[in-house]
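Asks: Protein sequence lines, in the order shown, are assigned to chains A and B. Going from the first sequence to the numbering used here is simple: count from 1 and add 6. Going from the second sequence to the numbering used here is simple: count from 1 and add 32.
Since the hints were derived computationally from the structure, they do not count as laboratory data. Ideal placement from N, C-alpha and C gives every residue a C-beta, glycine not left out. Wrong hints could be hidden among the right ones.
Far from chain A by the CB rule (all over 12 Å, computed), these chain B residues [said to hold, decoys possible]:
1. 75
2. 223
3. 229
4. 509
5. 583
6. 603
7. 612
8. 660
List of simulated lysine-lysine pairs, DSS-like, C-alpha gap at most 25 Å [stated by the list, open to error]:
9. B:489 to A:144
10. B:659 to A:145
11. A:52 to B:144
12. A:248 to B:489
13. A:83 to B:319
14. A:216 to B:319
15. B:509 to A:145
16. B:144 to A:245
17. A:166 to B:520
18. B:520 to B:560
19. A:248 to B:509
20. A:245 to A:202
21. A:52 to B:319
22. A:202 to B:193
23. A:202 to B:509
24. A:145 to A:166
25. A:166 to A:52
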Amino acid sequence: MTLFRVAQAALLLTAVCRGADYVGSEACKTCHATVWNQFFRNPHYKSIASGKEAPENTGCEGCHGPGKAHIEARGGKATIIAFSEIGPEKTLDACLRCHAQTLSRANIRRSLHTQEDVVCSTCHSIHNSKAPRFLLAKKQTELCYTCHASVKAQFSMPFKHRVNEGVVECTDCHNPHGTFAASWKMASRPRMVDQKEGNEEPCLKCHADKRGPFVYEHAAVRVDGCEICHMPHGSTNPKMLKRPTVFTVCLECHNGAGTFGRTNNGVYQTPSTHNMADPRYQNCTTCHARIHGSNADPFFFR
Amino acid sequence: MRRIFLFTLCSLALAQPPVAPTTEQTGNARGENQGNYNIIDSFEVGYRFASVGGDGGMYDSTVNYGDGIRLLSSSLTIQSRDGHGTLFDHLLLTTQGLGNDPYQSVILRIEKNRLYRYDMMWRLTDYVDPAATISFGEHAMNTQRTMQDHDLTLFPQSNFKLFLGYSRNLETGPALTTIQLFNSQGDEFPLFANVHREVNEYRLGGEVHLFGMRLNVMHGWEDYKENSPQSLTSPSAGNNPADLNTLASFQSTQPIHGTSPYWRVGLFREGKKLWAVNGRFTYVAGKDAFSLDEMSAGTDFRGTPTQLQVVSFGNADRPALTANLTLSIFPTDHIVLTNQSSFANIRMIGDSYFTEIENGSMVSPVLPFQYLGIRTFANTTDAMLHPTKWFSIHGGFEYSDRHIGSVQGQSNLGDPAPAQPAIEQSSQLKAGTLGFRVKPIKPLTISVDGEVGRTSKPFYPISDGNYQAFRARAEYKVKLFRVGAYAKSDYNINSDMLTSFASHARQYGADGSWIPTSWFSIDASYTKLHLNTLGGLNYFDAGVNVTGESSYYISNIHSANLSAHFTFLKRADIIAGYSHVQDVGDGRATPAGAGLYSALPAFQAAQTFPLRYLSPQVRLSIRITPKLRWNTGYQYYGYREQFSAAQDYRANTGFSSLAFSF
Chain A
7 MTLFRVAQAA
17 LLLTAVCRGA
27 DYVGSEACKT
37 CHATVWNQFF
47 RNPHYKSIAS
57 GKEAPENTGC
67 EGCHGPGKAH
77 IEARGGKATI
87 IAFSEIGPEK
97 TLDACLRCHA
107 QTLSRANIRR
117 SLHTQEDVVC
127 STCHSIHNSK
137 APRFLLAKKQ
147 TELCYTCHAS
157 VKAQFSMPFK
167 HRVNEGVVEC
177 TDCHNPHGTF
187 AASWKMASRP
197 RMVDQKEGNE
207 EPCLKCHADK
217 RGPFVYEHAA
227 VRVDGCEICH
237 MPHGSTNPKM
247 LKRPTVFTVC
257 LECHNGAGTF
267 GRTNNGVYQT
277 PSTHNMADPR
287 YQNCTTCHAR
297 IHGSNADPFF
307 FR
Chain B
33 MRRIFLFTLC
43 SLALAQPPVA
53 PTTEQTGNAR
63 GENQGNYNII
73 DSFEVGYRFA
83 SVGGDGGMYD
93 STVNYGDGIR
103 LLSSSLTIQS
113 RDGHGTLFDH
123 LLLTTQGLGN
133 DPYQSVILRI
143 EKNRLYRYDM
153 MWRLTDYVDP
163 AATISFGEHA
173 MNTQRTMQDH
183 DLTLFPQSNF
193 KLFLGYSRNL
203 ETGPALTTIQ
213 LFNSQGDEFP
223 LFANVHREVN
233 EYRLGGEVHL
243 FGMRLNVMHG
253 WEDYKENSPQ
263 SLTSPSAGNN
273 PADLNTLASF
283 QSTQPIHGTS
293 PYWRVGLFRE
303 GKKLWAVNGR
313 FTYVAGKDAF
323 SLDEMSAGTD
333 FRGTPTQLQV
343 VSFGNADRPA
353 LTANLTLSIF
363 PTDHIVLTNQ
373 SSFANIRMIG
383 DSYFTEIENG
393 SMVSPVLPFQ
403 YLGIRTFANT
413 TDAMLHPTKW
423 FSIHGGFEYS
433 DRHIGSVQGQ
443 SNLGDPAPAQ
453 PAIEQSSQLK
463 AGTLGFRVKP
473 IKPLTISVDG
483 EVGRTSKPFY
493 PISDGNYQAF
503 RARAEYKVKL
513 FRVGAYAKSD
523 YNINSDMLTS
533 FASHARQYGA
543 DGSWIPTSWF
553 SIDASYTKLH
563 LNTLGGLNYF
573 DAGVNVTGES
583 SYYISNIHSA
593 NLSAHFTFLK
603 RADIIAGYSH
613 VQDVGDGRAT
623 PAGAGLYSAL
633 PAFQAAQTFP
643 LRYLSPQVRL
653 SIRITPKLRW
663 NTGYQYYGYR
673 EQFSAAQDYR
683 ANTGFSSLAF
693 SF
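For reference, chain B alone in the conformation it holds in the complex (with noise of 0.2 Å):
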């Protein structure tokens, strides 16, 4: 039991940040009475410390953990002994990261059996995001997100459930964008943007058994807001300093009021073991109403002064509606067949008024509104036998069958907008699959799964064309040792008569662990993902169209993990743990120098990315009293680019707790 908790301990350690090493390890798990409720109770609070050298912007991207008090952990469970409590049976509370982690969560679960069950999850999550490689880090981001789910459901386990549903989604903070002015040979102004983006969901529902089956209905409404101001802070020169192009002044705001009323409507039974039928058809009516105001002022590329005013308001709305259908039949207790068909039809339409006025005349009167319409059907059958214990076989074939249709919208056609012809255009989808599982002794398996997918055309050149993936996996397992490995495989060719794209992602791991004593366990993992690509280039160099080039990318990662656990004396835990991730890309030395697929300097330094993201750490407990353990934690994270050092860094974090139990 001792290795089995310590098992259980060791993994708990690979994926977590340095937050705690657990908090049920003091006091007894079995909790204390109250009456008629038992409750366990535990919490963690600490010090949590981060020195950052190098590229902050890049730490607090990808890491992002910085100093101070917090609750790094609480669990409490209360619970009826008899399942009857007064108010409820069962309450579940658990935190983490509380106080100013950027990652924090609270899940709340508070049930009294028969009558009700109110499920709350809240998040917050700090996002940063310089993004340096991406439109120069004008793009950064420093918003926070938190997200909270309500869901209470009334008579849980009888034959007529209600349901009740609130979910929000708030995004704000300070942004960084850019705009391109005034025409189409101007320049490319940073911005300041104040982003406030808000998601309201509420919904209601019910689930009734009549008949022997179950009819679910659900109904929401989804409403969104959007209001992130844009602005410029001071007269800017542009991106390109050079030329004439200056703005002066910039206001932009841009409401969005969005609406989606939505129903989904689920229909299943299954049928005394020979069949199982379920049904679902669902609607989702997104609707955006929305208005710009634009106005900026400044100089053109010729140093014409430029006052530019944009206006556009108008509704947007798609219509999606899905419809699912599956049949199970089981014609023997070894023999599963499926066949599941659906329907799904996505439109895209509205109107949109545009005017933009330059300098007092008008330059765009109307746009017109742009139509995408996407009709796919689909049909899948699979088949699963289980002839013995240790062999099972499946398989599957899939044909679909996606129609889109398009209208493109042109500049200055006038008002109103003479109708443009839809382009449209099918596409088909056979697909096979085919697998096996095989248990030659009991501590192993070994599954092998394929597919294989044509599709008569593609939407894009890099969408599934022609596709083949592959699976392989052989698991050894007894009771305290376990060592895996795999095998996969996914490949994407799409030729054409202009261009071909190929895709070639391979992965290779093993993963294991191993508890040889009830003092030491350790948990590995390694895995190797390799990516090529390779596409064709059409671009214009200096006005020259360059042709026939092709976009090489190539990524080698490797990416390893190792944890050990060890005890001393039943009073001190001990883990050490180790992230090593490594792109070594194409193996070159330098930016350049390939050259084999592009002449363009920039397109060969993007042809691999090597990096090296490695994370040590460490982390001791030590129980102090039964009920008291006292916890500390190192964990060191170094970011290396091979091709430049500007986003470099490395950073130094930790933390000591106190962790309590009752």
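If we strip away everything but chain A, and leave its shape as in the complex, we get (with noise of 0.2 Å):
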């Protein structure tokens, strides 16, 4: 029965790309009147209001197909396109056939979302939006916790950005619908996360004194990006370090092993004059307080 309902559903779609028996958006209404009722508030009604698209472009049918069957068949969702009929990649098929064109879709179909069948339906409510904008199917926040619950848990951390507080959005940092190979790492992870300017890591949206570009460069923060010390989402730790203490986060780079850095000779240890057992050393940042970069110190003193 369901592979049945596929392959109608499929038909449907070939359909609509034939533009057969259109019968307008009025003969919806008569049914589905709550629906009709409040769809002049709802994005897609442009494409009502404009007069001049296309049947399969415009109105009920341009997401749902031709409606003379449903019609003639009194209802049911096996003679119309239901979204909670279709499996997803149709779903997806449905809704790029407008919305592809945007370049922040540009890699939607390779999108870790879209792998995990993640589509379009699953976020968005296009008739029963919780949310001012976007036709979200909840809050932005809300609706990525429900499958995200690890990041809800380290939004509830002590020191985090304030996406619970409402004044940071996933999206500010993340796009959902897929983006290009990062920049920074390997170009491999992290996967879903945007950049600025179309290059540079979403942090330098927001901290823009740390984007340089300095004369001396703390060369971990280029190369592998904010996150070789930092936690985005929350930490228990000040400044959402990945250690409690700033000289944990430094050594475990800094012990000169290794054919690691810059140098392939292990990244610089401490001098001999950096007595550990001393708390003044094990505060790193109190005298290299530009740690980000620096334009007048190669070791970050000013």
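Could you use the hints to bring the two separately framed chains together as a complex?
Replies: This is how it looks when you write it as structure tokens:
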């Protein structure tokens, strides 16, 4: 039965392309009055208001396909494109007929969400949106938390970006429709992080003072990104650092060992003058105050 | 319908601070008709209070709500009823926290079908951070950041669009910082900094649809200014008053003026259900011009009177270029193949002059500019297969090649500085992904994903080297009941002949919601976040080079949320919630004592950081008239570290408000 419905939906989609049997939205409101009475608030109402769109691109049938068979059968999900019945790939195809032409959705076909069958109707509620913008099914934060429970836990930490407080949104840093390869790290992970000005970490949208360019860059920031030291969602540590104290953050790299670092000879070990038993040397940034980059000092003193 | 509404209301309550249960509970959501427009309006005005005991600085850093009258939230929607409004067809205005909340926002959208769309977002955040565990708390900040974004799109539904945009980001306020003087044996001195950072960004672009392809071009100019002068408020003996090093006066200004013009070009097309292609090219010409003038006077570590002037000026450039090309092929309705190639080239170049004059003598005449160049090429191929509606599988392979070149800077090289040889290295990543998703029955979804990556030469010990990630998730969802569970792991292991690094992050959790009746609903979640990292340590302890020890950090965080919603006689709503975060660390009772990986007590103490952060809350909302509700709420915040009480606090916060709806 399910396969039959999928096949039927596929046939209906094909019919959309052929421009068959359209009856117009006026016919739909006879039965779907509740939807129709509120539809003027819907961004999709633009297609009706213009009065110039082809039948397959406007009103109810723009998404649900031609309605003649549906009317003749006196309703039923098998006679119309019902998004609750068609598979995720068909839903994506249906929406992208119109919504593919946006740069922010250029990578939707390869996004992690699409791979997980999280498609348009998973997050967007076309007729029952509870959010003021973008027809989201819920407030954006709650929508994302539905699946990303571990991220919700991170934003409950003492130190976090103010997402729950409503002043930062998930989409400030992420593009749920997929992104281009990151220009930091090895261009591999993270995969759903948006990029400022097209090719920089999104952190720099707000933290402009960390952007530089600096005469003396802390290479870690440029090569591996901010998350090499910070936990961007939230942390139990001040400054959302990965560790509760600074010297443990620094010394995990600055141990002079291995073939790491710019010199291929390990990342600089702290010099012999740094007595790590002395508390003053356990607060690295007290001296290395410009740790994200400096224009005056290679050791980030000023 | 009522249950669905409650379900939404309940979920909204979980993540919100005590602002308002909702502004949409009163009145008729259909709005009022005025001429050709339909108007929905609501706003909530009230008084917020907060009483804090313990470390107020830590409260401000983590919560920061204060006392006072607030426009807690508001919403205005004006919609033309036929899509042919005179000046606009859609207007949306929402606000949050206006008055004096630490987190405020305004969102405005005005739209006239086919003609224009204007989006504005204004946000304000008060940022307080005593950061007592970092730099002895001497890098505390109390700044305010305001951000605004304006975007105007002309002809948004046409084949030719025009984009105009402006963004502004301003950070101001007092802060503390430190400086170390007068040489490497000197002391550290706390300073006052008057932070002023300002970004203005202007955008101009267009999009054209021709021959089935869409070309999107954006040109922007980002202008960055910083001038955060630092000064000494009074003569200081420094952080180590026992030494002879003192600072009598200090003044430093370091204005920076940066410009980052950028281009972004996108080209994309979907071709008749068989293929899709898109490309993107971006170029950012980041540039900073700066100068530093620093004057200080005091005594050095020998007690010798010292005057030091540091002058530096120059330019720093960071041109960054990226290019991406993605090709998707759909051989059948159930198969999607995509391949993306990306190239990124970032160079940091420029010139700088630095001079340091100590007691009238030039010490360090020139420091050469450093060079850092990063060039990365990556190619990713992904395949998705949906053979049936209830089963899908996906996999992919990525190859990345990164080349890093750098020139080290050294002091006292003479003027002009001799050329330094570039140090170069390259690294390759090979990563594979595989996952599937299955729906054995309609309400149940199970998804499993894995990724394995191997990097030939990680740049840092903690960079992704040999990593493997695994995710599994199951969700059972029927109309008014949902339960989900997940497990994630992310392991990263770098081995080297002298040191090793291993990081193991594991997360487990479950969450669910249930609406058994029209007057009761419940929502709960639990997450366990485990992290342990083991890294090699080399350091000096009183001049002795200590090797062979390890930094071993363990975090075991339990996070739970619970929210319940009750409705009484269709007139009163009560929402009760509880949030609990507890890091139990590695189970030890005292900071030191483990000592398994490092002999240094400070390192032992840093291996774990147990704490508890909890927040119960309750809110009451009573309908007075169909268009008026009275809301009140109380929320407690408790922060307690296990090894120190210095930053602990307890806070009682709440609000009382009236919500009007029209």
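Asks: Taking the earlier hints as the rules, which of them does this structure contradict?
Replies: Of the numbered hints, 2, 3, 4, 5, 7, 9, 13, 16, 19, 21, 23 and 25 do not hold.
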